[in-house]
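Read in the numbering used here, the sequence shown has 32 at position 11, and its numbers run on one by one without any break.
Some clues are possibly wrong.
Simulated pairs of lysine-lysine, DSBU-like, Cα-Cα distance not exceeding 30 Å [said to hold, decoys possible]: (1) LYS125 with LYS230; (2) LYS266 with LYS213; (3) LYS213 with LYS242; (4) LYS230 with LYS242; (5) LYS62 with LYS213.
Bear in mind the hints are in silico, worked out from the structure with no lab data behind them.
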Amino acid sequence: MDTKTEATRVNASPKKGRTIWWALFALSIVAIIISGIQLTKRIGQYYQEVDHPLFAYMQVASTDFTFANRDLTLEEMLDDEGNPIIEVGFGDERLRLDVVYPPKHALPTLFDRQREWFGMFFFADRSGMTLTEFQQRIATDEIRPRLAIVTRTPHGIDPVKEPRFDSIGRDENITTGEMERDRYRFDFYEFKRDGTIEHEIKRFPESAKSFMRRRVNADLKGEPEPQRADDEIHEYTWQYGAALKVTNRPPGITLEKQALLNAGWTLPVAAAGFLLGIVAFFFAIAPARVTEESVS
22 MDTKTEATRV NASPKKGRTI WWALFALSIV AIIISGIQLT KRIGQYYQEV
72 DHPLFAYMQV ASTDFTFANR DLTLEEMLDD EGNPIIEVGF GDERLRLDVV
122 YPPKHALPTL FDRQREWFGM FFFADRSGMT LTEFQQRIAT DEIRPRLAIV
172 TRTPHGIDPV KEPRFDSIGR DENITTGEME RDRYRFDFYE FKRDGTIEHE
222 IKRFPESAKS FMRRRVNADL KGEPEPQRAD DEIHEYTWQY GAALKVTNRP
272 PGITLEKQAL LNAGWTLPVA AAGFLLGIVA FFFAIAPARV TEESVS
């Protein structure tokens, strides 16, 4: 074989390889652009077709004010057994809340001391409004905000007298429940304008990964398909947003009511194009391989 021909073949091989990698890189860019545009359109279409409420929350800063023409007060005290509680007065109604996390530091306000598990918020639906429009409607009483207290009780700490969750007990878990955040118990107390207090107990929704794992296990065992618990907090409700306000590390989203469910083929194609583009780019700019033939 001619030495000149062999050298030409060796020099041409890297150029051909680079051409292929650059072509793959260009293909990946095209795939990312097309899938990205379609993904944006699908997400936009999802939000146009699905009317989710959007709640705004305003942290209460006072422990003594008027709501619905009734005096509302909050006071930290000890019960007859010496346990710390928060007593809430709303007109003629009285509410006693057991302190889940006794404060370790003498912070200036009740809300600062108890914010790890306790929150009090004005809230209202601001769907279809800018923040400025929402504030103007609040100021003119066109929108009448609601008022609620939310408390968070981790798994293993259940101070209430009649727990709703039979599986939650002090003897099972003495930790603060950081390992089972989807078993947080939330108590919602909404102050109605008729002078009553509406109490509701819920738990944070099970994560999508955990729920899918239970469904797969049930399918393998031939058991009925498991369903979500009736007392889970539903996403896009005012309770969901309020619960997040007193949760430092919320569980994962459920994925059942998310815009990405409408993505279809666009999301995997965009992801695959991104990975292919990275690989192709680095192979295309990689230095030529040194061989014995090229050296000689």
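Original post:
Is the hinted pair LYS125 and LYS230 satisfied, with a Cα-Cα distance of at most 30 Å?
Top reply: violated, 35 Å
Original post:
Taking only the CA atoms, is the gap from LYS62 to LYS213 under or equal to 30 Å?
Top reply: violated, 41 Å
Original post:
Does LYS213 lie within 30 Å of LYS266 when you go C-alpha to C-alpha?
Top reply: holds, 21 Å
Subject >> Given hint LYS242 paired with LYS230 - CA-CA distance at most 30 Å >> reply: holds, 18 Å
Subject >> Hint consistency between LYS213 and LYS242 [alpha-carbon to alpha-carbon, up to 30 Å] >> reply: violated, 47 Å
When held up to the earlier numbered hints, the structure conflicts with 1, 3 and 5 and fits the remainder.
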